[in-house]
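2 protein chains.
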Amino acid sequence: MPGALLTDLYELNMAASYLRRGMRADATFSLYVRTLPPERGFLVAAGLEPCLEFLESFSFTEEDLAWLEGHGFDRVVLEAFRELRFTGQVWAIPEGRIVRADEPLLEVTAPLPQAQLAETLLLNQITLHTTVASKAARYRLAAGDADLVDFAFRRTHGVDAAMAVARAAAIVGFAATSNVEAARRYGLTAAGTMAHSYVEAFDTEAEAFLAFAEDFPQRATFLVDTYDTLEGVRAAIETIRRLHLSDGLGVRLDSGDLDRLSREARRLLDEAGLGQVRIFASGGLDELRVEELSRAGVPIDAYGIGTQMGVSADAPFVDSVYKLTEYGGRAVLKLSADKATTPGRKQVFRSHEGDVIGLRNEDLAGERLLVPVMERGARVGPTDAIGNMRERFEADLAALPEGAKRLVRAEPLDARHSAALASLAAETREDARTRAGLPANDVDG
Amino acid sequence: MPGALLTDLYELNMAASYLRRGMRADATFSLYVRTLPPERGFLVAAGLEPCLEFLESFSFTEEDLAWLEGHGFDRVVLEAFRELRFTGQVWAIPEGRIVRADEPLLEVTAPLPQAQLAETLLLNQITLHTTVASKAARYRLAAGDADLVDFAFRRTHGVDAAMAVARAAAIVGFAATSNVEAARRYGLTAAGTMAHSYVEAFDTEAEAFLAFAEDFPQRATFLVDTYDTLEGVRAAIETIRRLHLSDGLGVRLDSGDLDRLSREARRLLDEAGLGQVRIFASGGLDELRVEELSRAGVPIDAYGIGTQMGVSADAPFVDSVYKLTEYGGRAVLKLSADKATTPGRKQVFRSHEGDVIGLRNEDLAGERLLVPVMERGARVGPTDAIGNMRERFEADLAALPEGAKRLVRAEPLDARHSAALASLAAETREDARTRAGLPANDVDG
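Protein sequences appear in the order of chains F and S.
Counting from 1, one number per residue, gives the positions in the first sequence under our numbering.
Counting from 1001, one number per residue, gives the positions in the second sequence under our numbering.
Because the hints were derived from the structure by calculation, they are not lab data.
Any given hint could be a false lead.
[As the list claims (entries may be wrong)] Covered, in the sense of this in silico footprint (three residues per stretch, anywhere, with C-beta under 8 Å from a C-beta of chain F), are these stretches of chain S:
# : stretch
1 : 1066-1079
2 : 1094-1104
3 : 1169-1182
4 : 1293-1307
5 : 1389-1395
For every residue, glycine included, the Cβ atom is placed at its ideal position computed from N, Cα and C.
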């Protein structure tokens, strides 16, 4: 993902001003989610890999510079942009981990212009991936033992989003994706059957099923609801018998009352001695409907999950920010109404007593969630594998209290601030108020 | 946007089966939105250009074919894929036009395998662009005479989505975007000021404002709410006076009570003889808040609009589908519960009596909204310009009844079916029921 112009204009304005003024001291920015979306008990950290790819390859092309020259940037600035690379450090919570509001997902420490220029893309990527991974996790909680397959591509917000959704779904344990490019790119299992149009393109449903089974005898899943669902199941049974098929068989229900239809389909299949034929359900399912079906004990073996997950329909974004917390060795924050920030480089300490957000150089009990992932502009260690991310998610999920896992009225996990962080915040707030010429009495403190 | 693997696996399965069986007769697929999202009175058609780019360049690369060979596609199919290009016809409603539920936004007529393979990406792009253009249009309705600027990049669902949002916002009349790459790519006006981090990187707000104004004397907008908004306004006034600035000046309010703060900021500026300094507001604004401020007569000259528009937060998708309506000269449809479709190639006829969806070869009164945009795989005419799309939007908006323009409880515009379409639908439904072995008595008819 190259492209130094993948940014907001104000980042370029600020970087230009910093470069012109020699303001190149190290700055630390912290990227975190201020509050959990409604009904969410936790978030799943995701999106770090594309951020690291972006930072590793950050540079302005000659075409970028030519465009900027025509849009208000002078030669002094353009020369500085030409030389600029990302040479900083990144600490982050690895992808797949379950996190809470206010916990830094990523902290960048780099010369101020570099750290500023990364803002827009880092926010964009972490927000997208974390939003969809957190949504996909809710389907995992809902589906019980049933398999889940990502069907979202057709209605995600573009191609990037489709790739992010397939990847995020894999992190939280989806078995497969319909998205072929994502399967190739990330080494996922691709899955897919037929559309209603396939059935309609033949004179009869029976002919369509026969053709498909002849062409894909090892992986025939029949879409049975084009005309009448149970008639469709009977046609599938007839096809399976006629061709003596035995492996990789399924029927897919894509409309109607999935509870009733899945039970009737199961009964028809079982009566035909086809207990091995799996029942696949799809059709605009949100996680609440999946949970309802699962709790009702329906004989659905796998769900295809599309739009509701793909756009995180009930909460299509998280309240993510990228905030300056230190510059040139000085802790900073802002005091804006309802949007105040906390200063300093941070660490999250996780123990059985909960999470504590402290300063990075503190020595508190617990596992340290943020780890160095980039030093002097280069990755620390190899590219992270999706399998590793999935293992982290599974482990964190197993440790999660029941209240945080509820799909409605979840009890959000929160994190305390360490005494040292609280104290630095108070001092920095006083300092900021003094600099701003405000009364020292800090009513928010 | 190349990439024949940017698709769902089932499209490849179906295309493979069709190719193997010589099912290459022309098929027509219709892409439309079944129902309007809640509170919407209309949609803005958008996303056609990326679809045409995709179709024009459609082909499988050798790498694509190698991957498919390892994933269940045999040599006969791979040879057919290697030769496959899009050679069909596309009719569409031009971007920027205001449309209604059920109206075909795009119809593809092509040999069946080609038309099927295009499904996923066409749906993905039309859905994204139409969703965000329709959301952005609501801000236009809300903002009165104030300018609007797209600030959404940091929280859109990836980079594609950021580009689509900037473009969609421009179509409905936004004045500028913060997204630099989008400004370059689409020839839009880029706009941007400074972040809170800029103010914090200096010892005092006054120093930050002075530095910024020195560096950008022709386009200094001061972000005034880092510490205290009205103190920030006073610091901006002081800076403007000290440097004798006169052009392109503004203050930006990004938090707090925008109604009260904008009035007080205006008063301070006016008392300082700085009537030309514009007031800019931002900060998580949805269109209802913008409408509320606008109706209250606040002195806000421009709004920066971010996440709520960028993800279309209240309705992050439209209920779009791509349905086979004709194959080999035979009209087709599906009967699925609640998801029935209508057959045949269509046209939308718009007159002062409303919209009528009819068959393409009918001769009804009114303007014909669908026009040919691709013939034999090549575009008809040049690339459409965003200026043209904006003109179409403005003209259609001017003709819209007030009820459809309301932001809450809008009266959705709908479209009637012509007698010929209704008759074809009834015949085709009977035909489908007969083929499916269902009773001829059509209870849905």
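Hint check results:
1. A count of 3 residues in the stretch 1066-1079 of chain S with a Cβ less than 8 Å from any Cβ of chain F is obtained; the coverage claim is therefore met, three being the minimum.
2. Check on the stretch 1094-1104 of chain S: 0 of its residues sit with their Cβ under 8 Å from a Cβ of chain F, so the three-residue criterion for coverage is violated.
3. Only residues whose C-beta sits within less than 8 Å of a C-beta in chain F count toward coverage, and the stretch 1169-1182 of chain S has 4 of them, enough to reach three; the restraint holds.
4. With 1 residues having a beta carbon nearer than 8 Å to a beta carbon of chain F, the stretch 1293-1307 of chain S misses the requirement of three or more and the stated coverage is violated.
5. Three residues within the 8 Å Cβ limit are the bar, and the stretch 1389-1395 of chain S against chain F gives 0, so the coverage statement is violated.
Of the hints listed earlier, those the structure fails to meet are numbers 2, 4 and 5, in rising order.
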